[in-house]
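> For reference, the chains in residue letters:
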Amino acid sequence: MHAVAADGVWKYFGDYPALRGASLEIAKGSCVALLGRNGAGKTTLLRILARLSTPSKGAVKIDGRIGYLGHGIGVYDDLSAFENLMLFGQLAGVADPRQSADAALERVGLSRVKDGLAREFSRGMRQRLAIARAFLHEPELLLLDEPFTSLDDRAVAVLQKLLAHARSRGSTIVMSTHQIREAMELATDVALLERGRMIFAGPRTTEMLVDPGYLYRTYAETPAEPRA
Amino acid sequence: MRQGFAAALAIAGKDLRTEWRTRESINSSVSFALVILVLFSFAFDLDREEKLAISGGLLWLVYAFAGALIVNRSFAREIPNDCLEVLISSARGWAIFLGKSIACFVLLMVVELISLPIFGLFYNINWTGSLFALLLVMALSSWGVTIVGTALSAITVNVRLRELMLPVLLYPLMIPLLIGAMEMTTGLLNGNAVLSDIRLLIVYDVMFTAIALYLIEFILVI
Chain A
1 MHAVAADGVW
11 KYFGDYPALR
21 GASLEIAKGS
31 CVALLGRNGA
41 GKTTLLRILA
51 RLSTPSKGAV
61 KIDGRIGYLG
71 HGIGVYDDLS
81 AFENLMLFGQ
91 LAGVADPRQS
101 ADAALERVGL
111 SRVKDGLARE
121 FSRGMRQRLA
131 IARAFLHEPE
141 LLLLDEPFTS
151 LDDRAVAVLQ
161 KLLAHARSRG
171 STIVMSTHQI
181 REAMELATDV
191 ALLERGRMIF
201 AGPRTTEMLV
211 DPGYLYRTYA
221 ETPAEPRA
Chain B
1 MRQGFAAALA
11 IAGKDLRTEW
21 RTRESINSSV
31 SFALVILVLF
41 SFAFDLDREE
51 KLAISGGLLW
61 LVYAFAGALI
71 VNRSFAREIP
81 NDCLEVLISS
91 ARGWAIFLGK
101 SIACFVLLMV
111 VELISLPIFG
121 LFYNINWTGS
131 LFALLLVMAL
141 SSWGVTIVGT
151 ALSAITVNVR
161 LRELMLPVLL
171 YPLMIPLLIG
181 AMEMTTGLLN
191 GNAVLSDIRL
201 LIVYDVMFTA
211 IALYLIEFIL
221 VI
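Heads up: the protein sequence lines correspond to chains A and B, in order.
Just so we're aligned, residue 1 is where the first sequence starts under my numbering, counting upward by one.
Just so we're aligned, residue 1 is where the second sequence starts under my numbering, counting upward by one.
Hint data in this document are derived by calculation from the structure and do not stem from the laboratory.
Each hint should be verified, as a subset may be incorrect.
Just a few of them, taken from the derived set where beta-carbon distance is under 7 Å, the chain A residues facing chain B [stated by the list, open to error]:
| id | residue |
| --- | --- |
| 1 | Leu52 |
| 2 | Thr54 |
| 3 | Tyr68 |
| 4 | Gly70 |
| 5 | Gly72 |
| 6 | Ile73 |
| 7 | Val75 |
| 8 | Leu87 |
| 9 | Phe88 |
| 10 | Gln90 |
| 11 | Leu91 |
| 12 | Ala95 |
Cβ atoms here follow ideal geometry from the backbone N, Cα and C, with glycine treated the same way.
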């Protein structure tokens with residue numbers, strides 16, 4: 001049984017095809033690094049998997065509850081940290097939203113400021129609140145769009161800890177990223193998009209781990225050294 | 001389904017709590033309603049019969065414009081921090097829509113209940129005679145305004161000129177509702193307990209609620 005099955009997904013923005021028949025099957029419990037250059041279609045694919053967008057053609061099947069961390073922080077400035085997490089706990093239908101919110105705040109180190117409005121938080125604290133929100137309901141499928149980009153050190157540590165915990169729980173993780181070296185260390189599988197086409201999808205190999213440029217050199221039509 | 005209703009109530013609670021803290025919609029719509037009612041009372045030198053004749057029309061024009069100010073913020077308040085994206089990924093479209101409609105409905109009723117006594121005072125019209133019938137008309141009409149307005153708020157949320165677009169789309173759609181509401185309100189304030197048009201309000205509310213709930217998923221997820 002797959003956690004994600006995308007079959008021949010096309011997505012047009014006007015006349016422009018952002019995705020061109022991309023197919024991807026992700027086994028439950030795996031951690032997939034979704035790679036590709038800017039404009040390759042990573043965010044579009046992730047948005048479709050997160051049900052934020054519909055494919056123009058093709059089919060997508062998702063099994064399990066989704067946790068999504070996109071480019072935006074996705075927290076309400078005029079609610080407290082606790083109220084933000086209570087809300088998303090209620091939306092996700094967790095059994096005890098109050099207790100879940102408290103536990104999530106504890107995990108990301110925001111318990112002391114739980115009643116402070118999100119607008120009064122520093123950027124790093126807001127990032128940690130966003131991470132807590134995405135992991136709050138212990139989703140079976142985590143969709144993370146460039147999750148490490150512009151995080152401060154503490155937020156990176158929190159995210160890595162939560163990702164490790166999610167993997168130990170058997171959650172499936174799909175994360176798009178440009179930080180290939182970090183992604184390869186976490187990933188069990190790799191998917192490479194180029195101009196909307198899925199040009200590689202398979203297990204992460206030792207070559208990919210030791211040589212971050214290997215994947216692009218081997219599979220991309222226009223090889224170039226990616227940002228490491 | 002039950003989870004969807006719980007999510008709708010959570011979203012309505014969130015919107016009302018946010019509004020309570022910022023007062024960005026309620027301040028502008030209450031101020032607008034009161035200013036228009038007071039200005040009209042000084043602008044025209046009407047006798048009592050004439051005041052009674054225009055009472056329903058005046059009230060519902062004010063409520064319709066105040067309602068537009070409220071629904072305009074409904075989905076727009078999700079734009080900062082990309083909250084709409086997270087909301088859509090966390091709850092079903094119909095639950096988001098229902099929650100936002102409930103919040104707008106409560107806010108519009110608050111505006112109406114604040115401005116009604118002011119209207120009675122400045123126009124010397126007794127509105128307490130058919131209070132329950134009047135509240136019924138206000139509730140049914142306000143639900144119609146908010147359901148259509150909230151749906152259009154979702155459609156126009158990413159439009160650059162949404163503050164202009166929403167009223168342009170909203171008012172034509174509200175014409176049948178406003179005609180019914182105006183006629184019944186005028187009748188009730190004149191002491192004639194006319195509720196014959198109540199079916200119009202009910203049909204309008206049911207029809208647009210069903211259409212909006214069906215279409216909202218296609219509107220939000222494109």
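> All the hints need checking, so say for each whether the structure fits it.
Going through the hints against the structure:
Against a cut-off of 7 Å between C-beta atoms, the interface hint on A:Leu52 holds, since the closest Cβ of chain B lies about 6 Å away. Because the smallest distance between the Cβ of A:Thr54 and any Cβ of chain B comes to about 6 Å, under 7 Å, the interface hint for this residue holds. Interface hint status for A:Tyr68: upheld, as the beta-carbon distance to the closest one in chain B is roughly 4 Å, under 7 Å. Against a cut-off of 7 Å between C-beta atoms, the interface hint on A:Gly70 holds, since the closest Cβ of chain B lies about 5 Å away.
Given hint, A:Gly72 at the interface with chain B, holds; its Cβ is 2 Å from that chain's nearest Cβ, closer than 7 Å. For A:Ile73, the interface hint holds, the least distance from its beta-carbon to any beta-carbon of chain B being 5 Å, beneath 7 Å. This hint holds: A:Val75 has a C-beta 6 Å from the nearest C-beta of chain B, less than the 7 Å allowed. Against a cut-off of 7 Å between C-beta atoms, the interface hint on A:Leu87 holds, since the closest Cβ of chain B lies about 5 Å away.
Taking 7 Å as the C-beta cut-off, the interface hint given for A:Phe88 holds, the closest approach to chain B being about 6 Å. Checking A:Gln90 against chain B: minimum C-beta separation of about 4 Å stays under 7 Å; hint holds. The interface hint given for A:Leu91 is met, as the beta carbon of that residue sits about 4 Å from the closest beta carbon of chain B, less than 7 Å. With 7 Å as the threshold, the beta carbon of A:Ala95 stays out of range of chain B, its nearest partner Cβ sitting at about 12 Å, so the hint is violated.
Violated hints amount to a single one, hint 12; each of the other numbered hints is respected by the structure.
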